[in-house]
Amino acid sequence: MNPRTFRRAALSLGIAATTLAAAVATPAYARPDHSAPAPATVAASPVFTVMDGVARQVADAFADRSTMGRLTTSAANGPVDLLAANVSGRLAGDLRSANQRLLAAKGLPAGTGSLLRLRLAHPDMRAALARGEAPLVAATPTDDSATSVTAYDRSGGTVVLDAAQVPQRPVLLVDVDTERALSAGLRVMREELGARGIRQAAPVPPASRASGDGVTAAAGYWATKVDAVRLADDKEPWIKGGAEIYNIVAGFGLDGKVKVDLVQMPYLDNDGTTYYPNQLLVHFSSYKYNLADVVMMEDDGDTNYSALVKAIAGALLVIVDGGAYTPLVNAILDAIPTSWYTDDPDFVDAWYTLSTASSGRKYGAAGNGWMDVTGYWVQEL
Numbered sequence: 001m002n003p004r005t006f007r008r009a010a011l012s013l014g015i016a017a018t019t020l021a022a023a024v025a026t027p028a029y030a031r032p033d034h035s036a037p038a039p040a041t042v043a044a045s046p047v048f049t050v051m052d053g054v055a056r057q058v059a060d061a062f063a064d065r066s067t068m069g070r071l072t073t074s075a076a077n078g079p080v081d082l083l084a085a086n087v088s089g090r091l092a093g094d095l096r097s098a099n100q101r102l103l104a105a106k107g108l109p110a111g112t113g114s115l116l117r118l119r120l121a122h123p124d125m126r127a128a129l130a131r132g133e134a135p136l137v138a139a140t141p142t143d144d145s146a147t148s149v150t151a152y153d154r155s156g157g158t159v160v161l162d163a164a165q166v167p168q169r170p171v172l173l174v175d176v177d178t179e180r181a182l183s184a185g186l187r188v189m190r191e192e193l194g195a196r197g198i199r200q201a202a203p204v205p206p207a208s209r210a211s212g213d214g215v216t217a218a219a220g221y222w223a224t225k226v227d228a229v230r231l232a233d234d235k236e237p238w239i240k241g242g243a244e245i246y247n248i249v250a251g252f253g254l255d256g257k258v259k260v261d262l263v264q265m266p267y268l269d270n271d272g273t274t275y276y277p278n279q280l281l282v283h284f285s286s287y288k289y290n291l292a293d294v295v296m297m298e299d300d301g302d303t304n305y306s307a308l309v310k311a312i313a314g315a316l317l318v319i320v321d322g323g324a325y326t327p328l329v330n331a332i333l334d335a336i337p338t339s340w341y342t343d344d345p346d347f348v349d350a351w352y353t354l355s356t357a358s359s360g361r362k363y364g365a366a367g368n369g370w371m372d373v374t375g376y377w378v379q380e381l
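In terms of our numbering, the sequence shown opens at residue 1 and continues consecutively.
Take these hints with a grain of salt, some might be off.
Pairs of lysine to aspartate or glutamate, EDC-like flavour, derived with a Cα cap of 20 angstroms [stated by the list, open to error]: (1) K288 to D321; (2) K257 to E191; (3) K310 to E192; (4) K225 to E380; (5) K225 to D321; (6) K257 to E179; (7) K310 to E191; (8) K225 to E191; (9) K257 to D153; (10) K288 to D334.
Bear in mind the hints are in silico, worked out from the structure with no lab data behind them.
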């Protein structure tokens, strides 16, 4: 999944009405006035610091040819769970300690399990590994603007690689298992939101009711269904791995308080590719208004879920229903830490004021993607 470069470019321009020519033909959502925070210099993320240390430790362990052989053979066939890998001694203990620091950096419970994985940077490197060439080891950078990557060799040396050019020498990357991290992270977010009084907009069909002629009408509710979705195309560096997409869907509940659903899109693996999920995104049964906002996010490794949910909850709790729908996208974006825009922006795009009448192609406010949507009647059995 590679929507990072186009997000950085869009945010540097600001999410302004003047950049939304594509949205003119899709008036089902409001034109945004939110702009990204000003650029700032940020230190390496805690997640990257952990992974960089692990990359150095793994490279050092490759001084033992048997350890190098086992790990490189496994990584050539797919990502390797480093805590489950066949290593022993000091490295095994170092990996367990690093994984606990990684969980803390991502705001996840200590019992989440292993997030550390090792993967081959590019499929074309398999041949060199098969010839027995010793690989370099590097951490996947969390800084989207990085132009170089520091890798380590088994003798303790460092090699600086071009982030835009696939190297001739094989490279193994220390990465985060974002699929497991997202699953655990969304549980953390749901629990924290619930504890703070922000409930999910769970689908609750209204009771069946009798019509004027005595016929009982079928119960159900309206939802917004995603028929197709596509993120913009970009030329992502070889160093970047996959990411996990999820949506923060927000609206006002029947009690006038903000409600939030967290909706994953696990199939959305690649930019420049159209997917046809037929997925229900917004459930209107428990909303006061026929409107909801969607903020699309990604975890490409460095998201701290505990910090994110606390920031979002703090922003949404102060919003009061004034008798007319208030778009919630800006409040969510304003709550996201500034460093996420300048180092590793986990924001993908946003859709304002989707309704049961929304249909057709809806471009995101940042111009990074579109969704084809239709209203869908969910009928009670």
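Hints versus structure:
1. K288 to D321: holds, 10 angstroms
2. K257 to E191: Holds. K257 to E191 sits at ~17 angstroms (cutoff 20 angstroms).
3. K310 to E192: holds, 7 angstroms
4. K225 to E380: Distance of about 17 angstroms is within 20 angstroms: holds.
5. K225 to D321: Violated, at about 26 angstroms.
6. K257 to E179: violated, 31 angstroms
7. K310 to E191: Between K310 and E191 the Cα gap is close to 11 angstroms, so the pair holds against 20 angstroms.
8. K225 to E191: Distance of about 26 angstroms is beyond 20 angstroms: violated.
9. K257 to D153: Not satisfied, since the Cα-Cα distance of roughly 55 angstroms exceeds 20 angstroms.
10. K288 to D334: violated, 24 angstroms
In summary, the numbered hints that this structure violates are 5, 6, 8, 9 and 10.
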